[in-house]
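Below are the chains, spelled out letter by letter.
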Amino acid sequence: MVNKVLIKETKNFIRKNIKTYIAQIIIVTLGVGFFVGMKISSLDLQDTMTEFVENNNFYDVKVNLEYGIEANDISQLKTTLEEVKYIEGAYTQDIVNNLDGEDYVIRLHSYNSKNKINTTKLIDGENPKNNNECVIDKKMHNDGYEIGDEITIESDLLKEKKLKIVGVIQSPEYLAIDRGNSTLLSGKINYYVFVNEANVNSDVYSDLYIKYDTNSVAFTEMYDDYIERKEIEATYAVSGYFKDKYNEIITDQQIKITSAKAEYEAEKAKIDAQFIESENEIKNKEELLNDTKKNILTDKQIDQKINSISDSTRNEEKNKLNNLKKQMNNAKTAYDNYKKNYNNQISNTQKRINNNEQRIKELNTSINSNTAKLNAMKAQYNSMNDYTQGSTNKCYPGFSLSSDGKRCCYPGGFYCYNASFGYNGFFGGGTSPTINAEKVALKAEIDQLENTISNQKIEKASLETENISLRKQLTISSELSSYENKYLNAKKQYEEQLEIYNSMGSSSKLSSYYKKQNNELRKTVSQYEQEISAAKTDLNNKKNTAYQQLESTRLEIQNGEDMIKTLSYPKSYVFDRKDNAGYGQFISDIEKISNLAIVVPVVFYFITFFMISASINRMLYEERNQIGTLKAIGIRDNEILIKYLIYSISSVIIGSLIGIIVGVVILPLFVYFIYEMLYEFPFYNLNFNFRYFLIASGIALVVAIASTLICCKETFKEKPVSLLKAKQEKETVSSIFEKIPKFWNHLSLTTKISLKNIFRYKARMLMTIIGIGGCLALMLTGLSLRTSITEMIPTQYGKIFKVDAQIFYKDLSSRESLNEGTEKILALDNVNKGLISNYETYTSDYNGKTININSVTFYDNNFSDFIDLRDYKTNKKLKLDDNGVIISEKLATMNNIRVGGVIKLKDKQQKEYSLIVKGIAKNYIEHYVYMNSNYYTKAFGQEPRNNMLLLKTKGNYDELELAQKINDTNIVSQVLYVSIAEKAYEDVMNNLALLVGVFVVFSILLIFAVLYNLININVRERSKEIATYKVLGFKNSKVISIIKRENIILMLFGIIFGLIAGYILSIIVIKTCEVENLNFIKEVTFNNCIISVIATIIFTLAFSMLINSYVKKINLTESLKSNE
Amino acid sequence: MAYIEFKNISKVYQMGEISIKALNKASFSIEKGELVVILGPSGAGKTTCLNILGGMDEATSGTLIIDGVEITKLKGKDLIKYRRHDIGFVFQFYNLIQNLTALENVELAVQLCKDHLNPEKVLKKVGLKDRLDNFPSQLSGGEQQRVSIARAIAKNPKLLLCDEPTGALDYKTGKQILKLLEDTCHKEGMTIIIVTHNSAIADMADKVIKFKNGQVEEIYINHNPRPIESIEW
Ligand SMILES: Nc1ncnc2c1ncn2[C@@H]1O[C@H](COP(=O)(O)OP(=O)(O)O)[C@@H](O)[C@H]1O
Ligand SMILES: [Mg+2]
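Chains as they are written, first to last, in this note's numbering: chain A, 353 to 1476; chain B, 5 to 237.
Everything labelled a hint here was simulated from the structure, so no lab data went into it.
Please note that the accuracy of each hint is not assured.
Claimed, not checked - Pairs of lysine-lysine, BS3-like flavour, derived with a Cα cap of 27 Å:
no.: 1; chain 1: A; residue 1: K1071; chain 2: B; residue 2: K176
no.: 2; chain 1: B; residue 1: K125; chain 2: A; residue 2: K356
no.: 3; chain 1: A; residue 1: K677; chain 2: A; residue 2: K645
no.: 4; chain 1: A; residue 1: K1069; chain 2: B; residue 2: K85
no.: 5; chain 1: A; residue 1: K363; chain 2: B; residue 2: K133
no.: 6; chain 1: B; residue 1: K81; chain 2: A; residue 2: K360
no.: 7; chain 1: A; residue 1: K1065; chain 2: B; residue 2: K214
no.: 8; chain 1: A; residue 1: K677; chain 2: A; residue 2: K1104
no.: 9; chain 1: A; residue 1: K356; chain 2: B; residue 2: K162
no.: 10; chain 1: A; residue 1: K363; chain 2: B; residue 2: K162
no.: 11; chain 1: B; residue 1: K128; chain 2: A; residue 2: K360
no.: 12; chain 1: A; residue 1: K1108; chain 2: A; residue 2: K1396
no.: 13; chain 1: A; residue 1: K1225; chain 2: A; residue 2: K1185
no.: 14; chain 1: A; residue 1: K360; chain 2: B; residue 2: K133
no.: 15; chain 1: A; residue 1: K645; chain 2: A; residue 2: K620
no.: 16; chain 1: A; residue 1: K1071; chain 2: B; residue 2: K128
no.: 17; chain 1: A; residue 1: K1071; chain 2: B; residue 2: K25
no.: 18; chain 1: A; residue 1: K1069; chain 2: B; residue 2: K183
no.: 19; chain 1: B; residue 1: K79; chain 2: A; residue 2: K1069
no.: 20; chain 1: B; residue 1: K128; chain 2: B; residue 2: K118
no.: 21; chain 1: A; residue 1: K1071; chain 2: B; residue 2: K133
no.: 22; chain 1: B; residue 1: K133; chain 2: A; residue 2: K356
no.: 23; chain 1: A; residue 1: K1071; chain 2: B; residue 2: K29
no.: 24; chain 1: B; residue 1: K85; chain 2: A; residue 2: K1071
no.: 25; chain 1: B; residue 1: K79; chain 2: A; residue 2: K1065
no.: 26; chain 1: A; residue 1: K356; chain 2: B; residue 2: K81
no.: 27; chain 1: A; residue 1: K1071; chain 2: B; residue 2: K125
no.: 28; chain 1: B; residue 1: K81; chain 2: A; residue 2: K1065
no.: 29; chain 1: A; residue 1: K363; chain 2: B; residue 2: K79
It should be emphasised that the depicted structure is a prediction, and the values quoted were computed from it without experimental measurement.
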């Protein structure tokens, strides 16, 4: 039963005490608002980005390919990957582009409206449809490039270089305003631009994007775990795929080259033979010509011949005839012999061809069977992969799946096991130890078999070429025909001689015969002459073309061979979202905001507890009599208690509700506003997270109820009789001062009263001290956090890193060109000095997370002009020796490593190295391990490569210009100015500092509320005492001074308490806000102490003014009326 | 057996090593409908006696029986119930709830019990019909005491206990208050106990109990109680 009149009384009571009530509401508002606000802000930010990233299908994994990838490769690669939702190719290219007279680094992307991954969000205008169109990012748009403008992009990749801007877009690959790094110019990407994919002039995609079919979303631990697995899987799949492809290409090329070579040789031999033949023919003809010429007779010779024909002549002619007949017969036997030989040879060649063909057939069957075997083995290997990856429903080899699919059975069914155990089920779960061994063995077999196949293919090709040349030999030899010709010629001569011999009788007949013969001979001569010259030109022409052709084939072969030599294994780089600059940074930023909400609210709640206790205590004190009366009337304790519970609970509820508005709307909007400097938010999600609200207001409620009950318990225990009397103070404890009579006796009466009062009302004293101290502590904490954050950058980049730029060398094998280039750099105008060193990155495991560690190796101990390493405790300069490393402070504290301990690093191949720690250096940003080259060699088993040049500059210079000059030496892959890294961190820190500003503002508001409340309580609680002083005739000023003095003394105690609590709280808060790769300066500066003390004093004194007006206004009659 | 039996009741206050006997084996009895005046010098134990009667304090020893119920054996909730239903209290300093109006102060008490009287009528009866909505701070001492009496009698208690009801009032106002109590006793037949150190008032009582040093010094019955109007002091 709730007494209605009591409720009414409560209402009136609250109305009367509205000021303290409101102060209390404000305290709750601040606590709830801050906690909910910070938590929800980070949630809101995360939610916005998650929505953007997931809606636009930001890739889970990106593969960057050295030689690109064809569309056809992508679809093949897809079959080797699991759980892939989308897989797509795209083009990206970093270019230095001149826009309106200045150089910018622009990253070009291809846009394809059909793509599902990395879709862009259109902010203004439209997407590019034509080749002469492009869309630009917000930043470029903000820098003055409007839709409709025309820009020229100087990229060899583009068909159309003059592009019209048709829209402004945002890509999930660029969450941050910082566009990420490039190897060009100063290393920062300025803008990104999307062009139509059809405008890209390339057969191969440069990037491959993969989106997996998963429910886990960005920025969650579940996603991180999932994608870590997938990234490894993709790395293996991609590198495996390209290794196979590479081997295929090489084998193909080798086969082509061998056959081309054989062809070349055969062709050359054929051509050479042909030419020799033709030359011989020409020679023969020339001889024939000369012979024929000799045979032409002069008239005299003819007469002589006719006249001199005698018996002897006839005999001569007969002899000649016989000779010719003999010659003819000889020629015939030569011809017959040759023909017989030739036929033999032909049959041999044919046999060889047949043999070769037989071998080719054999090779074919062997290749086929081997390929089948290889495929089977590959399938087995792949399925083995499946088993080891724990996929279910696959049976151990030799076992087969039962028809219902539930069990794996050995043929015959005498041994079965549950198929859901998968491969391992055979072993009763757990990983089979033999699997890996088997897998390795199988892999070796596969490799061997692949080798065999490729060798067989080579052999086959060479056999085929041989056959080609052999077949050419089968065509009829010209030599045979020359033998035949000789025989026919001899036959003709013989027949002619026969005619001469027969016609030897009449002179006229002979003369005309000779003349006719002469004429014929002359004709033959001229014909021969023509033929010879034609044959000569023909031969020359043929020679020219044939040799030209041969030369070009030779060059082709040469090129092919060169290519094989230079063709290196294609590199592919696999990235996940965390490797994306914006995404990775965002994770740590929201963590920072969320962390800020951890410790601070505890303090708010602590103060809320004390404030409510103070208010309730005052109420109970004021209303003792009333409680007694109510009890006397017969009202139950619980009913009386309700009033105080209503008072505290309602203030908490109202405070919580207002806090919700602050926390759900105002703070998140403010945080968006702050982080707008770092990120591009596509939209602003505001969430209401019921859980945080429940936690925040629930705790506030518990605090309120607890403090109310604790305060009421003691009072309610008393009997109504004693309640109706004034509270009996348990013996007035004399203050410690009274025990020092010398001191005590010299005090004025009012001071004595003040001191006595302070110690009499212990609860009030404690509350005031804790209230004032708590606020001071909170303010000091805010200030310390701010200082530690803002001081980190100048300390790291001014005091520790004195170097101005890091220059990374290209992978050069030649030491000379490197030295030469370095000298050139050091000789540049604005370069002061440089230090060659080694830079590498490693990882280390920390609480299941991977942290990145920078390793720097020096060659001697003169590095302190570049990086000043100092002991984290003593600030003494640290030196490197041959026995260990110096690590950065956070790395040591995080892993609990002391000097003499060991730090474990992993390289990219996950190989672990243990290094001995010889020193711990001050360091605030990121993790570092420093060592000298001797220790490096010892620890890593190889000498460090000189891959970094640390540079100190001098004078004023343009950073881009200097970078350009350094780049011109051609030995440099990247120039990184420390100032750019500094700027990036500064941006992050400035944002964090602004957030901390919110915290400071909240704590100042809290101070107002608390002080107001305390003074109000203090004064009201003592209205009777004050009235009595006044009745006794004290002047107002005297009364005020008594009370003020008390407040000032309490304030001083409060300040002492606050400084101690503030120091502790600062360290705790700084530690909780700290993120993994930063080492906040854990220091409470004197300045901050002074500022917070002065502020506290000013606030306290200002609120003490309330006392003045109260003392003056106090109603004597009313205060003294009751019988308290 | 009498309506109220106050038998051998002692009350000892332990103050460190000193023990103060506020009541020392005090005994008396009161009949239903009697108007009793308890007399005695300051410190005699009158308030202590009244507190024990009203169930606001527990006796160290002895028994108190009211209407057949042994009050000294009641504990906790029963004691509250007893206070709630059977007792009306009027204090020297009125003890009104400052944040409630006169009417609300009466309603506050009335809500507790079933057979209560109409608060407005009771206030009218005590002559405050025009001051129903005034807060205590807007009323004079006599008026406040009348609200206090109204609050007590509106509950229609078996026993009305008044601890120096006129102690803080002037002569005339005090007389009005006593008249109100006398009327209540005679007209409603309510048992009323009035504690006072003013022996003149004893004449209006049916029974007078005199306290001294925590003991009952004398009890006598007034066979002809005088109406308060006729008493002068
Ligand atoms: N809470 C208490 N603690 C100690 N002594 C008390 C307490 N209440 C009353 N007394 C003592 O008991 C005695 C009787 O008091 P009381 O009944 O109030 O006297 P009165 O007759 O004036 O009403 C007095 O001597 C008083 O000092
Ligand atoms: Mg008394």
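Going down the list of hints, with the structure as the test:
{"no.": "1", "hint": "A:K1071 - B:K176", "in the structure": "violated (34 Å)"}
{"no.": "2", "hint": "B:K125 - A:K356", "in the structure": "holds (20 Å)"}
{"no.": "3", "hint": "A:K677 - A:K645", "in the structure": "holds (23 Å)"}
{"no.": "4", "hint": "A:K1069 - B:K85", "in the structure": "holds (18 Å)"}
{"no.": "5", "hint": "A:K363 - B:K133", "in the structure": "holds (25 Å)"}
{"no.": "6", "hint": "B:K81 - A:K360", "in the structure": "holds (25 Å)"}
{"no.": "7", "hint": "A:K1065 - B:K214", "in the structure": "violated (39 Å)"}
{"no.": "8", "hint": "A:K677 - A:K1104", "in the structure": "violated (167 Å)"}
{"no.": "9", "hint": "A:K356 - B:K162", "in the structure": "holds (25 Å)"}
{"no.": "10", "hint": "A:K363 - B:K162", "in the structure": "violated (33 Å)"}
{"no.": "11", "hint": "B:K128 - A:K360", "in the structure": "holds (23 Å)"}
{"no.": "12", "hint": "A:K1108 - A:K1396", "in the structure": "holds (14 Å)"}
{"no.": "13", "hint": "A:K1225 - A:K1185", "in the structure": "violated (30 Å)"}
{"no.": "14", "hint": "A:K360 - B:K133", "in the structure": "holds (21 Å)"}
{"no.": "15", "hint": "A:K645 - A:K620", "in the structure": "violated (37 Å)"}
{"no.": "16", "hint": "A:K1071 - B:K128", "in the structure": "violated (33 Å)"}
{"no.": "17", "hint": "A:K1071 - B:K25", "in the structure": "holds (18 Å)"}
{"no.": "18", "hint": "A:K1069 - B:K183", "in the structure": "violated (37 Å)"}
{"no.": "19", "hint": "B:K79 - A:K1069", "in the structure": "holds (14 Å)"}
{"no.": "20", "hint": "B:K128 - B:K118", "in the structure": "holds (21 Å)"}
{"no.": "21", "hint": "A:K1071 - B:K133", "in the structure": "violated (34 Å)"}
{"no.": "22", "hint": "B:K133 - A:K356", "in the structure": "holds (22 Å)"}
{"no.": "23", "hint": "A:K1071 - B:K29", "in the structure": "holds (22 Å)"}
{"no.": "24", "hint": "B:K85 - A:K1071", "in the structure": "holds (15 Å)"}
{"no.": "25", "hint": "B:K79 - A:K1065", "in the structure": "holds (19 Å)"}
{"no.": "26", "hint": "A:K356 - B:K81", "in the structure": "holds (21 Å)"}
{"no.": "27", "hint": "A:K1071 - B:K125", "in the structure": "violated (32 Å)"}
{"no.": "28", "hint": "B:K81 - A:K1065", "in the structure": "holds (17 Å)"}
{"no.": "29", "hint": "A:K363 - B:K79", "in the structure": "violated (32 Å)"}
Of the numbered hints stated above, those contradicted by the structure are hints 1, 7, 8, 10, 13, 15, 16, 18, 21, 27 and 29, listed in ascending order.
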